[in-house]
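A.B. asks: Starting from the two chains in their separate frames, assemble the complex, guided by the hints.
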Amino acid sequence: MSPLNIEKGSTSHSAYDLRSHLSDVIESHTLAILVDNEAGVLARVIGLFSGRGYNIDSLTVAEVDHEGHLSRINIVTSGTPQIIHQIKMQLERMVPVHEVYDLTVAGPHVSRELALIKFKGKGDHRVEALRIAEIFRANVVDSTLESFIFEMTGTPEKIDAFSDLMRPLGSVRVSRTGVAAMLRGA
Amino acid sequence: MTEMTGAKMVVEALKEQGVDTVFGYPGGAVLPIYDEIFQQNEIRHILVRHEQGAVHAAEGYARSTGKPGVVLVTSGPGATNAVTGITDALMDSIPLVVLTGQVPTFVIGSDAFQEADTVGITRPCTKMNWLVKDTDNLASTIHEGFYIATTGRPGPVVIDIPKDVQFATGTYKKKPKESPSHYRPQVKGDIEMITALVEALETAERPIFYTGGGVINSGPGANQLLRELVDATNVPITSTLMGLGSYPASGKNWLGMLGMHGLYEANMAMHGCDLMICVGARFDDRITGRIADFSPGSRKAHIDIDPSSINKVIHADFPIIGDVGHVLEDLLKVWKSRGRKTNAEGIAKWQAQISEWREVRCLTYKASDTIIKPQYALERLEALTKDRDRYITTEVGQHQMWAAQFLGFEDPNRWMTSGGLGTMGYGVPASVGVQVAHPNSLVVNVAGEASWLMNMQEMGTATQYRLPVKQFILNNERLGMVRQWQELLHGERYSHSWSEALPDFVKLAEAFGAKGIRCSDPKDLDDAIMEMLDYDGPVIFDCLVEKHENCFPMIPSGKAHNDMLLGEADTQGAIDAKDSVLV
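For the protein sequence lines, the chains are A and B, in the order given.
Residue numbers for the first sequence follow the working numbering, so the first one is 1 and each next one is one higher.
Residue numbers for the second sequence follow the working numbering, so the first one is 1001 and each next one is one higher.
Chain B with its partners taken away, still in its complex shape (with noise of 0.2 Å):
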């Protein structure tokens, strides 16, 4: 029990809870902290050049490392300006710690100068938040908002610090072994349920399993248990964009992504399977698509630690709560303890049938020797990096849905994107945040221009704290995933959906201090790739790519999965109007 003033608490608290770095924005009412983080070194402050841009950076940290992430932003501008990435946090159950400057207490509702209602308008963005008006209260909130920020289902908490709580000084109070909160998240699963599934998955003729990020935020562990489960029972496996990695994509029982893009085999096997067993995934409209006729000959289980995502969408004949990790490693228990049996007769079958599905060989795509095609630009970045120390985070589009196609991901918290709030804007930032927790690795943004500019201005932070990370931007001219639904849903009616007077990237990296790589040449893009890799400092690429590409396969929205338009030739009348209400 020490004294010390608000501000200081906040840099103790951080520190006892193992925090290594902040990434933040300066402003009035956080000076007092500020002051503090100036006066020492053990936490590093990366200054980014915009709030939204310290969250994604904050969630880039937390996705690949598996520690929770933490911002300080100042009041009014500086945490609204954050409530985007707090938003996106929460929709992708990342763990992280925001710290908002508040105005003082004695002016809080007089519309002060940069005073905004912070707890009020993050209320429904966060998983928690809370006011602190005492110093007293300061440390003891902070330990709880990092308990509540990674236990359970995680996600984003905000703290907000009025700037006389930071200048007042309190009683430091160290964090407890235990938290006092009653918030306990029940992490074993149900063991008869389990046992009941166990034995639904020895007789199955078409089990599949149907993995998401709860596998990933389950942690290393998770993994391992899953990629056992999988080999050791055969089944097949698809993920969610936000499940890559967790199961190699070189293993053998990999189908590839499902929904919306995902590949053929696996949103055919989704279809046509008797059992379902969802890890960790939430049954999203991009993954369902009509609800009517998601896969309707299957008995379904569902993994999940937050017991509000059983039964929300599809209804569970296996509802599971508890921890991916804890239920898996039960499961694999009485699996084994049972006799390690399943179905292999059948699954033999249903292994042949997917084989055939493979030979539809979705991704095919027209290739061109005078135009890049994405697919193809993204085909050779894979195989130039597959086998470094490789990150990779994307913005959002049809370059998104292709990186997640044609890039294969051996490892889990490998692969950073914003998936449940489609943040365009979340890859710069996001690859400054992968950077700093991996200085020596490769981080690749696989980015489109349009989404790309929405968060430009970090290029500053990289340049400043010397971050190499690599801008792989496919230049189509176009926001391609709004025009690709405007020529299939709104009559070729092309409304605001190209760039007219997009910057030269070239120049527009040495403005920022990085090197600029232009390739329109499919015969030049191999050595202009190695250029990119082997420069050591930020690189943005504008790879000029074909304009009209069409991201394939895709469930249009209002259709099943077994409705898939493979290509270009499918598309004719394909969507009716009834179903073009749906985004």
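Isolated chain A, as found in the complex (with noise of 0.2 Å):
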């Protein structure tokens, strides 16, 4: 039907080809967003993501100026870098959104993660539990004869792997408060 015969399916053919960002590969990224500290502002980011479809992996909030009323939200999403862009562009056109920084692109940060582990086990494997703790230099923050809870900071990774080695010891039960992140250097 065109008399241009171009051929279906064919891409543009640009100088400026930044097209990388239409790969599907899904992608993991910590995004940090400071945001006016005011009613509602949580359930306006949160809304943003379930109303797009957009994946929530972990989430952590609290004011991080007082003066300011600024409160900072940790968001680790997932998608496809082209999702990942519209998610940033969607945030930082929202009136409270101040700024909006994607760590995982702005280069090497510090993330972490605070968790409560509670223990259930007896005999040997309240030992080997012990034992694994101090390589994880977890505290025990609370203890009874049948139970510990462990504390632990780290990388979510880290708390996985404490948490799956815990698991054929006992039953295991844990409380996490999400990443907390930031960039590194100054």
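Keep in mind the hints are simulated off the structure, nothing from the lab.
Ideal Cβ positions, reconstructed from N, Cα and C, are used throughout, including at glycine.
Any given hint might turn out to be false.
Unchecked claim - With a Cα cut of at most 27 Å, we get these calculated DSS-like pairs of lysine-lysine:
id, chain 1, residue 1, chain 2, residue 2
1, A, K88, B, K1312
2, B, K1386, B, K1366
3, A, K88, B, K1188
4, B, K1015, B, K1177
5, B, K1547, B, K1515
6, B, K1188, B, K1133
To be verified - Quick look at which bits of chain B chain A covers, simulated, 3 or more residues with Cβ under 8 Å:
id, segment
7, 1038-1050
8, 1301-1309
C.D. replies: What follows is the structure in structure tokens.
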């Protein structure tokens, strides 16, 4: 039908070809979002994610500047590069959002999570649990004759590794805070 | 700094913002504000018949004047009834300030009478919203609301005001010279990217402008700059439904509307171009058709004030974030300073190719001298009204597409339609809002009978305020667009797409205190339209048209721009089962 004989499905031949972001590999990104600390702001941000079908893998939020009424929301999300780009653009245009940092893109960053892990077990398993806790530098913050609560801080992967190791030894329950993250350097 | 009640603050703040008209409906939770409105004469309140009507009327007012529309409704059902209109305004980027009453702060959360979580309900369908809990913050929040609604990509804001905040006394804060908000959208485009685009424009063989509602939102200056640029470069231009009027329909480079029911020449030119300059449009699915086959041979520039619109659907080779007016100004400046170059030879060939496409005459329909064809009705309406000071609103459906195809718009702000959300019931209240803003102009609502019925109660508003709106109903006793899709996609099983018990529109007009006219014979049509135009008051025109007419051209969903159906003969087996899941 087209007199121009453009082949179907051919793509743009652009001098500014930045098409790498059209890849469909799922990436995980840590975003830090500085927002006005006002009623409903968290609902606004979360509503964006649920309304547009984006993922939230982890979420933390707390006030970081009492004078300036600013809160920091850390979100770990996943999607294709195009989706991640769209998430950032959608966040940035929200009225109460001051800044959006993509720590995954910005460079090396520190991300830490706090976890409380309750372990129930008996006999040798109790001893083994304590030994593993020592290796992971987890502190015992509560103890009964049948249980411990360990407190540990680390990357999400470290907490996963610790709780995975504990599971074969007894029943394990975990309470995690979600990721707090910051860029390295000044 | 003066002390006053919250209710008085609302009225004062509206006055300070230059508001002359409010569309609203009273109720328990806004009585203090209505009491203040009663005691002044500067702001005119238009009493609608349903809160959805208030919002669409305010949209019509805003779209036809360039000013923000203001709505005042009560808590609970008042606010929830407004939600459809607010969502419509968000999708079409219409600036609105919607004030909702709320139950007193001390009963919020107790499931009080007419309580609804208005801020929660409207969060996803507003640009921003606020619950004002302290009278001292009320005036500044209203000023902030106007700033947010009208700055950057415009949109609706909701300000929820509990009744005790309206009664309490506080300090009125004047409109600040500069908004204290950190919200500062970028208006100037990146000059390097603009220069790169000018370079591409200088050499392009098959360039095209694809413009949208953003040009109209940017203001009269932006429309002037667009016209200057298009005519100086001799580049063909097409527009979305929302952008009609930014370039005149009589202009030599005008291709007509593009998209699902766009013109053949416009869609073919989009498909075949080598440089597409998108100005204030957003690559909606009604525009692109199948993404993978969308304009495969072109480099694409995208000028938009909303960064999230760029690269959302279609990759932009020249992404330019900024206000259309500012960017076009810089674009023209750079293009002129570099010597006003274009690839004249290439463009001449391109224009010749487009002329061939025009020869297809895609809007041709089978004429009849016994039945009024809807296209014929619009051709006659166009012929008899085009030289008047005319504003057109529409409902949603086939008639809306035919209106976009057959009516010509010479200026911006003359065409009010529900584009993004596709809200049936938009047209009647929108025509009321437009007529309020332009009392001496001709306002015609091109309607289908099914859509028209959805907000017909606003005829009461038209009669009350002596608004001579003309309701031009193309009555096919069908939900025409639904019927068309059922014919093409669902084996002609016409599930619930006709109306068996329609009212007598002439008697209905009389019941509303309006004039009713019925016409079913093409020979009588011109006289009947003239009778409608000559009548000094609201008219309901029941134009009985062909019941089974389909709207062409049509790009079936899931198809590319060059897969257009041009008429009935093309429709056999055109859409396969896989694509029928797309809306």
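A.B. asks: Compare the structure with each hint and give your call.
C.D. replies: Okay, the hints, checked on the actual structure:
Between K88(A) and K1312(B), the direct Cα distance comes to roughly 11 Å. Compliance with the 27 Å bound is thereby established for this hinted pair. This hinted pair checks out: K1386(B) and K1366(B) have alpha carbons roughly 24 Å apart, not beyond 27 Å. With a CA separation close to 21 Å, the supplied pair K88(A) and K1188(B) stays within the 27 Å bound. At most 27 Å may separate the alpha-carbon atoms for a hinted pair to count; K1015(B) and K1177(B) meet this at roughly 16 Å.
With a C-alpha separation of about 24 Å, the suggested pairing of K1547(B) with K1515(B) holds against the 27 Å cut-off. For the hint pairing K1188(B) with K1133(B), the CA-to-CA distance comes to about 37 Å; that exceeds 27 Å, so the pair is violated. Only when three residues or more bring their CB closer than 8 Å to a CB of chain A does the claim for the segment 1038-1050 of chain B stand; here the count is 0, and the claim is violated. A stretch counts as covered by a chain when three or more of its residues have a beta carbon under 8 Å from one of that chain; for the segment 1301-1309 of chain B and chain A the count is 3, and the coverage holds.
In summary, the structure is inconsistent with hints 6 and 7 from the numbered list given earlier, while agreeing with the others.
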